[in-house]
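Student: As given, the protein sequences belong to chains A and B, one line each in that order.
Residues 1 to 443, numbered by full-length UniProt numbering, are exactly what the first sequence covers, in order.
Residues 1 to 443, numbered by full-length UniProt numbering, are exactly what the second sequence covers, in order.
Don't read these hints as lab results, they were simulated from the structure.
Fair warning: this is a prediction, and the values are worked out from it, not measured in the lab.
Same chains, same label: a pair holds when it works inside one copy or across any pair of copies.
SDA-like cross-link-like pairs, simulated, lysine to any residue; straight-line CA separation at most 25 Å: (1) K230 to T299; (2) K338 to K353; (3) K296 to A356; (4) K318 to D85; (5) K101 to L51; (6) K269 to A384; (7) K353 to A384; (8) K101 to L47; (9) K318 to P63; (10) K230 to L324; (11) K353 to E289; (12) K338 to G237; (13) K101 to D85; (14) K296 to A348; (15) K433 to A14; (16) K353 to T299; (17) K296 to V232; (18) K292 to A348; (19) K292 to P352; (20) K270 to D359.
Single-letter residue listing:
There are 2 protein chains.
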Amino acid sequence: MAESFRLSATEAQAKINGGSLTVEDYAKSLLSRIEQRDSAVHAWAYLDHDLVLQRARELDNIPREQRGPLHGIPIGIKDVILTKDMPTQYNSPLYENQAPKIDAGCVATLRHSGALIFGKTTTTEFAATTVGPPYNGIKTANPHDPTRTPGGSSSGSGAAVGDLQIPISLGTQTGGSTIRPGSFNGIYALKPTWNSISREGLKIYSLIFDTLGLYARSVDDLKLLLDVFKVVDDEPGEEFKVKGAKFALLKLPTPEWPELGSGTKDALKKGAELLRAHGAEVEEIELPEEFKTMPKCHTRVQAGDGRVSFLSDYLRAKDQLDPLLIQHVENTNKFTRKEQLQAFDALAAMRPKIDALADQYAAIIVPSVLDEAPVGQQSTGDAAYCAPWTAMHVPVVNIPGFKGGNGLPIGLSLLSGRYRDQHLLRVCGEVGKIFEAEGGWTR
Amino acid sequence: MAESFRLSATEAQAKINGGSLTVEDYAKSLLSRIEQRDSAVHAWAYLDHDLVLQRARELDNIPREQRGPLHGIPIGIKDVILTKDMPTQYNSPLYENQAPKIDAGCVATLRHSGALIFGKTTTTEFAATTVGPPYNGIKTANPHDPTRTPGGSSSGSGAAVGDLQIPISLGTQTGGSTIRPGSFNGIYALKPTWNSISREGLKIYSLIFDTLGLYARSVDDLKLLLDVFKVVDDEPGEEFKVKGAKFALLKLPTPEWPELGSGTKDALKKGAELLRAHGAEVEEIELPEEFKTMPKCHTRVQAGDGRVSFLSDYLRAKDQLDPLLIQHVENTNKFTRKEQLQAFDALAAMRPKIDALADQYAAIIVPSVLDEAPVGQQSTGDAAYCAPWTAMHVPVVNIPGFKGGNGLPIGLSLLSGRYRDQHLLRVCGEVGKIFEAEGGWTR
Numbered sequence: 001m002a003e004s005f006r007l008s009a010t011e012a013q014a015k016i017n018g019g020s021l022t023v024e025d026y027a028k029s030l031l032s033r034i035e036q037r038d039s040a041v042h043a044w045a046y047l048d049h050d051l052v053l054q055r056a057r058e059l060d061n062i063p064r065e066q067r068g069p070l071h072g073i074p075i076g077i078k079d080v081i082l083t084k085d086m087p088t089q090y091n092s093p094l095y096e097n098q099a100p101k102i103d104a105g106c107v108a109t110l111r112h113s114g115a116l117i118f119g120k121t122t123t124t125e126f127a128a129t130t131v132g133p134p135y136n137g138i139k140t141a142n143p144h145d146p147t148r149t150p151g152g153s154s155s156g157s158g159a160a161v162g163d164l165q166i167p168i169s170l171g172t173q174t175g176g177s178t179i180r181p182g183s184f185n186g187i188y189a190l191k192p193t194w195n196s197i198s199r200e201g202l203k204i205y206s207l208i209f210d211t212l213g214l215y216a217r218s219v220d221d222l223k224l225l226l227d228v229f230k231v232v233d234d235e236p237g238e239e240f241k242v243k244g245a246k247f248a249l250l251k252l253p254t255p256e257w258p259e260l261g262s263g264t265k266d267a268l269k270k271g272a273e274l275l276r277a278h279g280a281e282v283e284e285i286e287l288p289e290e291f292k293t294m295p296k297c298h299t300r301v302q303a304g305d306g307r308v309s310f311l312s313d314y315l316r317a318k319d320q321l322d323p324l325l326i327q328h329v330e331n332t333n334k335f336t337r338k339e340q341l342q343a344f345d346a347l348a349a350m351r352p353k354i355d356a357l358a359d360q361y362a363a364i365i366v367p368s369v370l371d372e373a374p375v376g377q378q379s380t381g382d383a384a385y386c387a388p389w390t391a392m393h394v395p396v397v398n399i400p401g402f403k404g405g406n407g408l409p410i411g412l413s414l415l416s417g418r419y420r421d422q423h424l425l426r427v428c429g430e431v432g433k434i435f436e437a438e439g440g441w442t443r
Numbered sequence: 001m002a003e004s005f006r007l008s009a010t011e012a013q014a015k016i017n018g019g020s021l022t023v024e025d026y027a028k029s030l031l032s033r034i035e036q037r038d039s040a041v042h043a044w045a046y047l048d049h050d051l052v053l054q055r056a057r058e059l060d061n062i063p064r065e066q067r068g069p070l071h072g073i074p075i076g077i078k079d080v081i082l083t084k085d086m087p088t089q090y091n092s093p094l095y096e097n098q099a100p101k102i103d104a105g106c107v108a109t110l111r112h113s114g115a116l117i118f119g120k121t122t123t124t125e126f127a128a129t130t131v132g133p134p135y136n137g138i139k140t141a142n143p144h145d146p147t148r149t150p151g152g153s154s155s156g157s158g159a160a161v162g163d164l165q166i167p168i169s170l171g172t173q174t175g176g177s178t179i180r181p182g183s184f185n186g187i188y189a190l191k192p193t194w195n196s197i198s199r200e201g202l203k204i205y206s207l208i209f210d211t212l213g214l215y216a217r218s219v220d221d222l223k224l225l226l227d228v229f230k231v232v233d234d235e236p237g238e239e240f241k242v243k244g245a246k247f248a249l250l251k252l253p254t255p256e257w258p259e260l261g262s263g264t265k266d267a268l269k270k271g272a273e274l275l276r277a278h279g280a281e282v283e284e285i286e287l288p289e290e291f292k293t294m295p296k297c298h299t300r301v302q303a304g305d306g307r308v309s310f311l312s313d314y315l316r317a318k319d320q321l322d323p324l325l326i327q328h329v330e331n332t333n334k335f336t337r338k339e340q341l342q343a344f345d346a347l348a349a350m351r352p353k354i355d356a357l358a359d360q361y362a363a364i365i366v367p368s369v370l371d372e373a374p375v376g377q378q379s380t381g382d383a384a385y386c387a388p389w390t391a392m393h394v395p396v397v398n399i400p401g402f403k404g405g406n407g408l409p410i411g412l413s414l415l416s417g418r419y420r421d422q423h424l425l426r427v428c429g430e431v432g433k434i435f436e437a438e439g440g441w442t443r
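The following block holds chain A by itself, in its conformation from the complex (with noise of 0.2 Å):
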């Protein structure tokens, strides 16, 4: 019981229904872990250890016949999601103490199918920042080197996964929220294709953008959230190896997108080495032109549907919000309409077409990230490799495996066509296995 917080949620689930452990154990284990190591990674904006063995308790006196899919898991909720039992602050003063009684749609799906709602997990300001949480406490650190940034804005998702306090996360990604603290953490980030899960009681950023992610630290855990959240392929499930498969190792071109670390740069290097050694093709492709503009639409796209999502906060009280937010409300940047709709077309043409390239593979690499998480948690890091594939709304997982310079986490993201997030991560579940094992970072 004591070391059952190392376990995935599959692998505690297999012991649950099996008998020889309890939810309410899984939740002591876990909660003494986190007591253990959270004065150094601060991931959780709320935590009740009482309602949470409340909640355990009842989830075991469930008669077994009755119990859900994810029956017992313990999940954290990024603090930009709806939850009916616990506060929801946005990280942002105007939201102090709030606490709606409502679930967003994905929580009472998962409510509903047996997961325990653990806690809330912290998050940069309405996970529209680059500012490391809290704002008013102790920073939310990396937990495999507490003076560098777990990323953002999924920041306490992110760490409490990767610091084996929790085994399943919610985090949201407009950018690159779920994607960078996923590889900063070193574990597997999903950001499944745009809506393909609701997105009801999430706070708004960007409506076209914003995608609810999913953490864990195995591609069955994944799996498995998928499947409760319904998303299914067209195309049946089909066995995947990569010995025989293509993959693209998709460049994408300075100066639209910045240089990339030398912790990347060699992360791609030996990922393509070590899936042409297991006796897979991989094919270097440039980004065709018409795509280079990505970024630019990204950030018009955003700046305007900013603009609208935080006009009720800026209203109510200016001098608390981020300058960042104030400049979207206020339009400094003077975007006109016409610059954001074109992007907003633009962007909209290039999807079908992205597909289609993404068809030709079993999938498309992509850097995760510039480099390891950089020192200082201030700043969250930069999502330049992510937000292209929010705006293309094509699945994306981040599989960890390599290091760095210094010896901390470096991911790979994986990306396919929309909605064909089942065979992306059946995919990444055979390329995970060698990067995990070959890839050179072990947790």
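Fit chain B to the given chain A structure using the hints.
Tutor: Below, chain B without anything else, positioned relative to chain A:
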């Protein structure tokens, strides 16, 4: 005071600012109108007289120099929009008496601007069905003929404004849920550009279609709201004159669209004649071939989105959901994800083309509805003529003024390109004067 319920919001505000009307007296007049009329109309899902009067007195006590732009303006809120001091029940037994303590973004903005958040208006279930509300009581009726439907899904919002029970109300539109009740109840209805007003805290049906809608009995009132929500065009406002302006009258082809009834046919004819008589050019145009799939694409995307949006409610209590919502979640129509994406992308490609078409005219005139409000309150009518423009994201205004074969109101829709909402309101201000004066229907 006694008759102040007849005032538009702008007229009432002038009296309040001038000191000849208090917010409390205005509220009392509306409450007494409601008391007198609502046993016939049943527009309210929740209304707390004491709360209304308490808030009204609080507003009266605000010093003049601290008053907001909507000071004292009573607004009815469709019961799919969260309000922190009232229940939000979605006309679903699943949410009976549910009262999350949180305001939707739009409600927070209205409240901050001094509006009197009055009560919750009836809606079809989750604003997603065409079954007249409520499910568990006497159904909302058309104020101009209680044997008929007020339309839906914004049934109560449309009926209450049409019946002089409230000057302004909020609706939503995914297909035709704002414009259709606008026409049936003989009022102005504005579906602004998609995502130009925050949709935070509105029940989700389709992310890419759902739009907050606004009801009033004057264009000035709609303008007041657009300004509070900071919906601005790129181009500065210029005075609009009907004389010399050029309109398009858009013919929508069968069988893609259902045959129009004589009420709307006559209104289109008369509307064009009136505009011409006032010196405008009205060009009859056909919908280009490439847009004919709009209705089909709308249906497919909506079904795919409904599959996601209602999953958590379905898991919780399938037996308490409308069959349409069950069909969505179970994907009874067997739409593939590929079909959904093709429709999603096709609509995206049409948007800039519709903008370009609209930019050639002061506005494009289209039907709002098939005909007068149908008899019966069980079905809220057909959204066929509204849904395409929801999918196009363009602003649309229903202008009342015409009447059908049974003397009931019929409106016409005017639309512009995206983010030309203020332009469209200026046009509708002038066109509305003509239609209201000479169209043949008066309240």
